[in-house]
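Chains L and A, in that order, give the protein sequences.
For the first sequence, position 41 matches number 41 in the numbering used here, and the numbering has no gaps at all.
For the second sequence, position 101 matches number 215 in the numbering used here, and the numbering has no gaps at all.
Note that these hints are calculated values from the structure, not bench results.
Just so you know, these numbers come straight off a predicted model, no measurement behind them.
It cannot be assumed that every hint is accurate.
Said to hold, decoys possible - Taking CB as the label site, the calculated pair distances span:
1. K14/L / K170/A: 46 to 54 Å
2. G3/L / D131/A: 27 to 35 Å
3. A52/L / S126/A: 40 to 48 Å
4. N225/A / I54/L: 43 to 51 Å
5. R165/A / R110/L: 41 to 49 Å
6. E129/A / G53/L: 45 to 53 Å
7. D73/L / T183/A: 43 to 51 Å
As the list claims (entries may be wrong) - Derived list of chain A stretches under chain L, where covered just means 3 residues or more per stretch with a C-beta under 8 Å from a C-beta of chain L:
8. 151 to 163
9. 202 to 214
Even for Gly, the Cβ is constructed at its ideal location relative to N, Cα and C.
Here is what each chain is made of, one letter per residue.
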Amino acid sequence: NAGVTQTPKFRILKIGQSMTLQCTQDMNHNYMYWYRQDPGMGLKLIYYSVGAGITDKGEVPNGYNVSRSTTEDFPLRLELAAPSQTSVYFCASSQRPASTDTQYFGPGTRLTVL
Amino acid sequence: GESVGLHLPTLSVQEGDNSIINCAYSNSASDYFIWYKQESGKGPQFIIDIRSNMDKRQGQRVTVLLNKTVKHLSLQIAATQPGDSAVYFCAEIFQGAQKLVFGQGTRLTINP
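Just need the whole structure built from these sequences, with the hints factored in.
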């Protein structure tokens with residue numbers, strides 16, 4: 001049982017490039033989340049999903065897209081990378097809604113946009 | 115608007131002493147509060163949670179206190195150990211919401 005895994009661990013992008021951050025969980029959780037964490041700050045919700053085929057925007061969705069074709073996977077897509085997207089990205093999952101259940105976090109992806 | 119803040123960005127304690135990390139929240143509708151520990155280079159790790167119908171909850175070496183009157187949350191760590199060095203975040207959410215609101219974080223360092 002690996003929990004929540006994320007790839008890659010590190011990535012450097014040039015402005016305007018695109019990439020997909022991968023997230024997989026093996027706990028059969030319904031709810032999955034993407035957060036970003038800027039230096040010295042708490043986490044901010046980008047997108048979340050309440051189940052396969054269902055996604056919704058969080059607090060800071062601009063510049064990102066997500067999909068949820070399976071229960072296990074929740075990739076985050078950056079289409080046109082900008083320096084403001086330099087951050088550490090965390091994926092999380094929970095069995096029940098965020099207001100009733102703890103979230104389990106992956107190790108993060110550190111992204112730098114130059 | 116919604117916000118969760120911390121009184122101190124850094125806290126330094128002697129090994130073996132008790133640590134108290136404080137958190138203020140502004141949304142009186144929040145009814146679920148969580149403390150996370152984040153070690154360097156890792157994702158947040160759940161420590162303890164508390165619901166608004168409780169004032170205190172204890173775990174192993176940790177206690178969370180909730181004062182709804184002044185909208186204040188605290189995390190107490192007993193007999194602090196070197197392995198407790200990390201950044202601690204409080205987070206809040208209200209029933210039906212999906213957005214967990216995190217505070218800025220407090221860095222706890224342990225002096226030998």
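Do the hints match the structure? See the list:
no., hint, in the structure
1, K14/L / K170/A: 46 to 54 Å, "holds, 51 Å"
2, G3/L / D131/A: 27 to 35 Å, "holds, 32 Å"
3, A52/L / S126/A: 40 to 48 Å, "holds, 46 Å"
4, N225/A / I54/L: 43 to 51 Å, "holds, 48 Å"
5, R165/A / R110/L: 41 to 49 Å, "violated, 34 Å"
6, E129/A / G53/L: 45 to 53 Å, "holds, 50 Å"
7, D73/L / T183/A: 43 to 51 Å, "holds, 44 Å"
8, 151 to 163, "holds (count 7)"
9, 202 to 214, "holds (count 10)"
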